[in-house]
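Trainee: Here are the chains, one letter per residue:
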Amino acid sequence: MAETGRLRQAAAAAPLLSPVTLLRIAIVLGVAALWEFLAHSGWLYRDVVPSLMRIGAALIDLLSHGSYYFNLGVTAGEIGAALLIGGLSGLAVGLLLGANRFLSKAFEAYLYYLGPTPKIIFFPIMIMWFGVGSGSKIALGTLSCFFPVALSAAAGMRQIDKVLIRVGRSFRASTMQMVWKIYLPAMRHPIINGVRLGLGMALIGTLLAETKLSNKGIGFLIIQAYSTFDMPHMYAQLIMLFVLAIAANAAVGRLGGLATIKRK
Amino acid sequence: MNAAAPARRWDWRDFAPAATGLGSLIAFFLVVEFLIRTDVISRFIVPPPSEIIENFGRVIVEENVFQRFLLTLSECLTTGAMITVFGIAGGVLMHRYRLLQQAIETWVAALAAAPIVLAYPLFMVIFGRSAWTIIMIGFVAALPPVVLKTLEGLTGTRKVLVNVGKSFNLTESQQFWKILFPAALPTIFVGVRLGLIFALINIVGVEFLINYGGLGQLINDLAERYDLPGTYAAICFVILVSVVFFMSLEKVERWLRPVD
Chain A
31 MAETGRLRQA
41 AAAAPLLSPV
51 TLLRIAIVLG
61 VAALWEFLAH
71 SGWLYRDVVP
81 SLMRIGAALI
91 DLLSHGSYYF
101 NLGVTAGEIG
111 AALLIGGLSG
121 LAVGLLLGAN
131 RFLSKAFEAY
141 LYYLGPTPKI
151 IFFPIMIMWF
161 GVGSGSKIAL
171 GTLSCFFPVA
181 LSAAAGMRQI
191 DKVLIRVGRS
201 FRASTMQMVW
211 KIYLPAMRHP
221 IINGVRLGLG
231 MALIGTLLAE
241 TKLSNKGIGF
251 LIIQAYSTFD
261 MPHMYAQLIM
271 LFVLAIAANA
281 AVGRLGGLAT
291 IKRK
Chain B
14 MNAAAPARRW
24 DWRDFAPAAT
34 GLGSLIAFFL
44 VVEFLIRTDV
54 ISRFIVPPPS
64 EIIENFGRVI
74 VEENVFQRFL
84 LTLSECLTTG
94 AMITVFGIAG
104 GVLMHRYRLL
114 QQAIETWVAA
124 LAAAPIVLAY
134 PLFMVIFGRS
144 AWTIIMIGFV
154 AALPPVVLKT
164 LEGLTGTRKV
174 LVNVGKSFNL
184 TESQQFWKIL
194 FPAALPTIFV
204 GVRLGLIFAL
214 INIVGVEFLI
224 NYGGLGQLIN
234 DLAERYDLPG
244 TYAAICFVIL
254 VSVVFFMSLE
264 KVERWLRPVD
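Taken in sequence, the protein lines are chains A and B.
Under our numbering, the first sequence is numbered contiguously, ending at residue 294.
Under our numbering, the second sequence is numbered contiguously, ending at residue 273.
Derived by calculation from the structure, the hints in this document are not laboratory data.
Ideal Cβ placement from N, Cα and C applies to all residues, glycine included.
Any given hint could be a false lead.
Now the in silico label distances, taken between C-beta atoms and shown as ranges [as the list claims (entries may be wrong)]:
id : chain 1 : residue 1 : chain 2 : residue 2 : range
1  : A       : Asp191    : B       : Ser143    : 50 to 60 Å
2  : B       : Asn182    : A       : Arg84     : 51 to 61 Å
3  : B       : Ala31     : A       : Arg202    : 53 to 63 Å
4  : B       : Arg142    : A       : Asp191    : 52 to 62 Å
Covered stretches of chain B (in silico footprint by chain A; criterion: 3 or more residues with CB under 8 Å from a CB of chain A, positions within the stretch not fixed) [what the hints assert, rightly or not]:
id : stretch
5  : 119 to 131
6  : 214 to 225
7  : 255 to 269
For the chain B half of the interface with chain A, some residues (derived, Cβ under 7 Å), not all of them [as the list claims (entries may be wrong)]:
id : residue
8  : Leu90
9  : Leu112
10 : Ala116
11 : Val138
12 : Ile252
Could you build the full structure based on these sequences and the hints that come with them?
Mentor: Right, dumping it as structure tokens:
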């Protein structure tokens, strides 16, 4: 009871906005004020920093056009396909390397060092192999997504509690049963982390490929706004892209959170 | 007790995995070579690996690969110097002012996960089609890991070390330079290493995208000329450079890490 009373007192004494929130608001307002000052100062070339009102208007204009949603659908489809192909193949390779020490020693170093290389440089090859359409963008997204998922799955596989594996073996589970009943449930956290990283990589790979050579998709819209020097629209596109990327990342993270709750 | 431990004999099993990996790679290239020579795979899509190897020398000599390498390296080192100075300063500030840390740490972490490189047209508008566009994208993309790791290193300094400093009545500045900073240095270097990896990826990628600068532009140039063996050779060269770069960073990190 006394504890509850103290808590109530503390809640009543707490200010409406904490110092942290106040500082955050101050930073946001400061940046906005600086932006507006730069927009109206004439120090930079016209439209390089458009006013926030114009960016807001461009954002509304962007969201009210059906073509934006068509291009968003194209990009989302490409990223989804890349995540599916790259994620599944990465998972399969990761499971194989994680389960077999010899194979891991033989091949994992190649994945480890190839993983962080800049994947966009493979785009000319992807165009030759898969054409200038969506195929080459999906291929680049797949290539980008494969490495983090494979490395994460291999590392996750090695962290599985040995007792669980022995339980599966003592029940004479087949390889497929071991994968579905033991390995995958026991390593969903590293897998979800890998998928999160893979999603980010697939997104970057696909969109960069779109900015380089395409006639549809969000990457194409961004580079088109740049080519016509339509700065408010380019800022609006980039804002939407970052918001969507963060939302997609959070959605996969939430999936990871749900897994934790279920396990408990 | 421990004396006269027999010298470990050479065992082929120690080298079997590495040999299998390398052997599989060579076998793969031989199969590709065979498939191309038997016209199963068109040589206008994939040039034979032997031709790619032959073209290595030509690309290195005719395309000024050394100068391009130096240009990309200088962009990387400039970015590296910038992220080290600003990243460590940012981490120290956030460690010193707890309110600032609470307010912006999640923002910095979000920035670390944000696809910054996609904003390269924006950087081109601001900095023009120049090396500064490339350096600034590398800088913004690579800064968050250095800030976060510096903060982690400083926050994770062992309490006993901080107490030793206090017992010697060290001033705040002495406490930082004699205790906190040396203790955090290995973690800070992990951040710098991650930052440099991010920087290299972004720098080469943007060079390729905006067709300006060193190694990334070389690939774009050769692809636009439809010089297939040259393009493949240049890609192999860039991968090789990246791998050597990552390996060297790892070696330096291991050298800096204290022995437990």
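Trainee: Take the hints in turn and mark each one as holding or not.
Mentor: Evaluated hints:
no.	hint	result
1	Asp191(A) x Ser143(B): 50 to 60 Å	54 Å, holds
2	Asn182(B) x Arg84(A): 51 to 61 Å	58 Å, holds
3	Ala31(B) x Arg202(A): 53 to 63 Å	35 Å, violated
4	Arg142(B) x Asp191(A): 52 to 62 Å	54 Å, holds
5	119 to 131	holds (count 6)
6	214 to 225	holds (count 6)
7	255 to 269	holds (count 4)
8	Leu90	17 Å, violated
9	Leu112	6 Å, holds
10	Ala116	4 Å, holds
11	Val138	6 Å, holds
12	Ile252	5 Å, holds
Violated hints, listed in ascending order, are 3, 8; each of the other numbered hints is respected by the structure.
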